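Take these sequences, add in the hints, and give me the full structure.
Number of protein chains: 2
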Amino acid sequence: MLHTNSPTLRAASYRAIRLASTATKASSSNSGSAPATASVTGDVSASATGSSSFRTTKIIEPLDSKPNIVILGSGWGAISFLKAIDTKKYNVSIVSPRNYFLFTPLLPSTPVGTVEEKSIIEPVVNFALKKKGNVSYYESEATEINPERNTVTLKSISSIAHLNTDEAASNSNIKHNQAAELKYDYLVSAVGAEPNTFGIPGVEKYGNFLKEIPDSLKVRERFAANLEMANLLPKGDPERKRLLSIVVVGGGPTGVETAGELQDYVHQDLQKFLPALAQEVQIHLVEALPSVLNMFEKKLSSYAQSVLEDSSMKLWLKTAVSKVEADHLVASTKLEDGTTKETTIPYGTLIWATGNKVRPVISSLFKKLPEQKDARRGLIVNEFLQVNGTRNVFAIGDNAFSGLPPTAQVAHQQADYLAQSFDRIAHLPEFQTELLEGSADSTTTATELFKKNSFRPFKYHHQGALAYLGAEKAIANIVLGGKSIYTGGGAFTFYIWRVTYLAMILSARSRFKVITDWLKLSFFKRDFFKGL
Amino acid sequence: MLHTNSPTLRAASYRAIRLASTATKASSSNSGSAPATASVTGDVSASATGSSSFRTTKIIEPLDSKPNIVILGSGWGAISFLKAIDTKKYNVSIVSPRNYFLFTPLLPSTPVGTVEEKSIIEPVVNFALKKKGNVSYYESEATEINPERNTVTLKSISSIAHLNTDEAASNSNIKHNQAAELKYDYLVSAVGAEPNTFGIPGVEKYGNFLKEIPDSLKVRERFAANLEMANLLPKGDPERKRLLSIVVVGGGPTGVETAGELQDYVHQDLQKFLPALAQEVQIHLVEALPSVLNMFEKKLSSYAQSVLEDSSMKLWLKTAVSKVEADHLVASTKLEDGTTKETTIPYGTLIWATGNKVRPVISSLFKKLPEQKDARRGLIVNEFLQVNGTRNVFAIGDNAFSGLPPTAQVAHQQADYLAQSFDRIAHLPEFQTELLEGSADSTTTATELFKKNSFRPFKYHHQGALAYLGAEKAIANIVLGGKSIYTGGGAFTFYIWRVTYLAMILSARSRFKVITDWLKLSFFKRDFFKGL
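Residue numbers (the working numbering), protein chains in the order written: chain H, 1 to 532; chain G, 1001 to 1532.
For the record, the hints were derived by calculation from the structure and aren't laboratory data.
Heads up, some of the hints might be wrong.
[As the list claims (entries may be wrong)] Derived, one-sided and incomplete: chain H residues facing chain G with beta-carbon distance under 7 angstroms: (1) K118; (2) V125; (3) S158; (4) S159; (5) A161; (6) I174; (7) H176; (8) E228; (9) M229; (10) N231; (11) F273; (12) R509; (13) F512; (14) K520.
Quick caveat: nothing in here was measured; it's all calculated off a predicted structure.
Think of the CB as a built atom: it goes at the ideal place given N, C-alpha and C, for glycine as much as any other residue.
As structure tokens, then:
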């Protein structure tokens, strides 16, 4: 539905802002949703990337009824923001190449089938459907943020869904896999980060990450193929031993939980039908620091370490990987006497779960904004989550750098905070004008503008941390109102871990599916199908 | 465990038989499980196929403790037989390239996610694990049955699991992807059949079958991609119309149920987030005969037809497809006046669900046995399910031709019957000797031998038929003790359909998963993820 002639004061006053700030050539009586016919200026085609086959870049004009927020991403920050934003006050467009939200905390459970991949994902449109008002989803990767003209460049649009909108009217001029620029009034960047190999040779080529659903499928495929091949080699054959060696690099929650889940599969399921094979599987957990799970208080990480040491896993601490080859990796361990010892670890499956780095769309923005010239780990934001150097671009989650850890919890709280800020902004038309067009007093920075209007800064409330160790043991530290209300490790904590994760899941469907997966596990083996 | 020196009379008497009939060169004190070192005679390498890279074919000698039954296949016949055979009396080896059983009746529910693919499959090893005694599973395709030397040729062995057996000892000489010949005392062939294109050009290249799990994934992938592409084309564009056209060829249960499930997805789910698109999807159901679901009594098939005609599907009866191109097919419809009318139907997705033909391993056996020279639709079997022209080869399910319909029900009953026959055989050592070595009176045929020993012939008990029509309506005819106890069509019958299918599922895990899938569906939309 187009509300071009919407009589409300807010919409009308907003409309004036938008027309002024974007200097659109469409006449004001024209509906803003009718896409301008490929109007291209020299600088647009010059800066547009990823669209080599298109000489001209199509500009997608947003709906005209309300201020338009474009969200980049479909992870914790993006979807939490979508859930929280009041779509009666804003039109919202979400851009992401991944058309579903992924509940990352349970990703380590999926390669071995403790939880199904489909159980921890939820289509973006399902979240969008729950909103009142105009919400559009663009299945596409944003390759450039262009703050100078308030657009994002979409590399190739594979699908568009307009929820509660006249879809047919809006799409008519965009072709499948076409590149385009999408206009925004406000941009919320929440594209997350990508796995970091720290430049270590061979990781990208031979290792498996565990960051997305296809990674999980690949790990299962690889491990299953290795089990098959090893099974047809005689006991004692070094190649059999190599195939049955799994190396997990990274002693953070993802690495530890993945190693624990693999161990569970081997002990609880594989043992039942291929016992000789199961007994020979060797899992290595490699961490460069002197201890695993460093984000936990010492007591818990020590407990975790003792659990892992008692398991059949091999723990390599103070060990840094220097090179990865197709069938082995080279690592150096710092010894007590200060010297280092180089070891070669043959592997059949290598899982790389160390850290993250910024995505290209973000590092590209660093270069466009002088205020971001020192940015490395994410967009530098102020206490209102505004990207330094912009007035209407915000960043939340792992693509923002604010000194907080790159966790779901931080992204979620930032998203809720920002949605509340937008609630206030909707009631402050003059603030909006000043923010989008610059204030009359041009020396007022965006930060000062927020302060002047009494916006409270973002404050992170740590609610604790959890990690699964395998063999139905977990560690947890749960914080409420700044006070630690539960600290524990062991089998009971495993239930705390489960209940907390269930509570964190963002959709009822996904929660239902995870519950049934866990319930299934109490009666049956894991579903571990090669290639499925 | 090897029971070479097992003192029981049965094993000892059997052992004498096996040594005589297979003329093995291994000394009698040697364990039969130690594979003979690639002993190859001229005729072995001449007739072995599918192993071009191996000059010599390895012979896998079975365990020596009990008579060895080799089962080919992992479908209804094979797995029902495995469940029923007494593995205390026989060593059993299963050979199949597909390492899971597939509950075919629910396959039409999987492309749109009404039921998950993983919910209707169960690993072969899970069935094997439940058996006492020696059971081995060879993940490999059997390419030749060699009745002249009691072996099957395995093209390429990707995995072996020995359950309740000393696995390490048995495998040591087989390499991954190696070809081999597996010896049997008795062979139960249950490899099923493959989709038949009836030589119609283009079907193989452009159509999707719906016979196996990967077919279901391909249909979903294709349909999802077409929805995406169509969504970015304007209403009225002929390409949009083509992409949204689904043609299902075949008016049997698979075709009708698949069409119904696709229709359900479009009406119940797609309608919610892409209503304009959903309204334009057109499903065509094409059948060469004058009516659909011909295996049902007239009353039910007429009801089914009226339901389908009232739906938004387009029903093409008396219509034969003559040619398939990349984006359309050509079909001829017989008109009332005896003439035929040619129509071109553009399609985005084509599902081919017409009929089956024999697999190459079976047609190859036709040529080796003069008694099978007229065989076309399957191995001709006698009333004891023995393959004509052999003494120790049996065939059940779709790869056997006995005039019965190619259904799960027939395969299941044949499997149970055959397992009972083997129960009797185990108690008749003289009968075994006569069967395997030929009787003293060489004119006694195998059929006569079964009759002489008072084996009762196989008798099929029809228990009815069911089909889902879409929109939560089904038809069913349930027969008990030869009497029809339920005949109905509609919404209540849909629950009969569900309950009956649940009862038919062969494993508790699969039943649990199907129940939770259906339960999920009453609260949430289907899981329809492109590429997952």
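Hint check:
1. For K118 of chain H, the suggested interface contact is upheld, since its CB lies about 5 angstroms from the closest CB of chain G, less than 7 angstroms.
2. Taking 7 angstroms as the C-beta contact cut-off toward chain G, the hint placing V125 of chain H at the interface holds, the least distance being around 5 angstroms.
3. Because the closest C-beta pair between S158 of chain H and chain G is about 6 angstroms apart, less than 7 angstroms, the hint holds.
4. With a least beta-carbon distance of about 4 angstroms to chain G, the hint placing S159 of chain H at the interface is held under the 7 angstroms criterion.
5. Interface restraint check: A161 of chain H against chain G, minimum CB-CB distance 6 angstroms, threshold 7 angstroms, status holds.
6. With its C-beta approaching chain G no nearer than about 5 angstroms, I174 of chain H sits inside the 7 angstroms limit, and its interface hint holds.
7. Interface hint status for H176 of chain H: upheld, as the beta-carbon distance to the closest one in chain G is roughly 5 angstroms, under 7 angstroms.
8. For E228 of chain H, the suggested interface contact is upheld, since its CB lies about 4 angstroms from the closest CB of chain G, less than 7 angstroms.
9. Of the supplied interface hints, the one on M229 of chain H holds, with its beta-carbon coming within about 5 angstroms of a beta-carbon of chain G, less than 7 angstroms.
10. Interface restraint check for N231 of chain H: the shortest CB-CB distance to chain G comes to about 6 angstroms, inside 7 angstroms, so the restraint holds.
11. Because the smallest distance between the Cβ of F273 of chain H and any Cβ of chain G comes to about 5 angstroms, under 7 angstroms, the interface hint for this residue holds.
12. The interface hint given for R509 of chain H holds, since its Cβ lies 4 angstroms from the closest Cβ of chain G, which is under the 7 angstroms cut-off.
13. Look at F512 of chain H: its Cβ gets to within about 6 angstroms of chain G, closer than 7 angstroms, so that hint holds up.
14. At about 6 angstroms, the closest approach between the beta carbon of K520 of chain H and any beta carbon in chain G falls short of 7 angstroms, and the interface hint on this residue holds.
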